[in-house]
Amino acid sequence: AIIKTCSTSGEQRSLLREYQHYQIPNIAASPYIRQMYEAIGSFEDPGSNSKMTADNQPCLVLEWLDHCLWNIKSDKFRSDPALIPKLVAQSVLSALTTFKQLGKVHTDINPNNILLSSIVTSGGLIKICDLGVRCFSCVRGMVCWGHAGPLALRASNFRSR
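Okay, so the sequence shown: first residue is 1 according to full-length UniProt numbering, each after it adds one.
Just so you know, the hints here were simulated from the structure itself, not pulled from any lab data.
Accuracy of the hints is not assured; some may be wrong.
Unchecked claim - Pair ranges (Cβ atoms, derived):
(1) Q101 / T8: 29 to 37 Å
(2) D55 / P111: 23 to 31 Å
(3) L93 / I24: 26 to 34 Å
(4) S74 / Q23: 20 to 28 Å
(5) K86 / S7: 14 to 22 Å
(6) E63 / R17: 15 to 23 Å
(7) N71 / Q101: 29 to 37 Å
(8) N110 / L83: 17 to 25 Å
(9) T8 / P111: 20 to 28 Å
(10) P25 / I3: 22 to 30 Å
(11) R17 / Y37: 16 to 24 Å
(12) G103 / N71: 30 to 38 Å
(13) E44 / C68: 26 to 34 Å
Stated by the list, open to error - Here are the simulated lysine to aspartate or glutamate pairs, EDC-like style, with alpha carbons at most 20 Å apart:
(14) K86 / E38
(15) K86 / E18
(16) K100 / E11
(17) K100 / D66
Beta carbons are placed, not taken as given, at the ideal position from N, Cα and C, and that holds for glycine.
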């Protein structure tokens with residue numbers, strides 16, 4: 001397991017948002033999203049008058065996977081170079097399908113947020129983490145549009161029904 005903590009009010013808001021997303025049954029049950037084992041401490045809205053102390057500092061106990069995609073060296077997988085990209089694509093798309101069904105998006109899919117177990121070549125785990133999800137109508141407030149990709153820009157025109 002790994003423990004995710006916060007030290008600033010901005011990090012606390014982010015941790016609270018991640019905790020709230022793990023309360024959604026579809027997200028908690030997805031085999032393609034890192035699992036939350038436990039929430040410890042106070043998960044009150046940081047905008048309230050409560051002060052974060054060492055006694056009530058919130059933290060999440062999360063599933064541990066050995067590597068992020070960014071740290072995987074390609075020579076480990078040269079025997080079948082198509083295997084890892086195929087498994088990563090299948091897992092990430094399956095996770096994103098969960099978000100789509102909920103009318104949410106993960107706004108930070110990148111190699112640092114794709115986790116792999118050491119045994120990935122023999123059917124191990126590939127999961128996404130850091131649940132920076134928002135409803136489509138909220139994406140504009142989450143992304144610096146000067147640096148957003150074309151898909152994010154097209155999503156900004158999406159109208160929720």
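Verification of the supplied hints:
Between Q101 and T8 the C-beta distance comes to about 33 Å, which sits within the given range of 29 to 37 Å. For the pair D55 and P111, the supplied restraint of 23 to 31 Å is violated, since their beta-carbon distance comes to about 36 Å. Range check, L93 to I24: Cβ separation about 19 Å, and the 26 to 34 Å hint is violated. Checking the proposed 20 to 28 Å range against S74 and Q23 shows it is violated: the Cβ atoms sit about 38 Å from each other.
Between K86 and S7, the C-beta spacing of about 39 Å breaks the proposed range 14 to 22 Å. Here the CB-CB span from E63 to R17 is close to 18 Å, well matched to the stated 15 to 23 Å. Taking 29 to 37 Å as the suggested C-beta distance range, the pair N71 and Q101 conforms, at roughly 30 Å. At roughly 21 Å, the beta-carbon separation of N110 and L83 lies within the given 17 to 25 Å, and the hint holds.
For the pair T8 and P111, the beta carbons lie near 25 Å from each other, so the given range of 20 to 28 Å is met. Evaluation of the 22 to 30 Å hint for P25 and I3 yields a pass: the beta carbon distance comes to about 23 Å. Between R17 and Y37 the C-beta distance comes to about 18 Å, which sits within the given range of 16 to 24 Å. The hinted range of 30 to 38 Å is satisfied by G103 and N71, whose Cβ atoms lie roughly 33 Å apart.
Distance hint for E44 and C68: a CB-CB separation of about 30 Å, consistent with the stated range 26 to 34 Å. Taking the CA atoms of K86 and E38, the gap is near 31 Å; set against the 20 Å cutoff, the hint is violated. A distance of roughly 27 Å separates the Cα atoms of K86 and E18; the hinted pair therefore is violated under the 20 Å criterion. For the given pair, K100 sits about 25 Å from E11 by alpha-carbon distance, which is inconsistent with the 20 Å threshold.
A C-alpha spacing of about 27 Å is found between K100 and D66, which places the hinted pair above 20 Å, so the restraint is violated.
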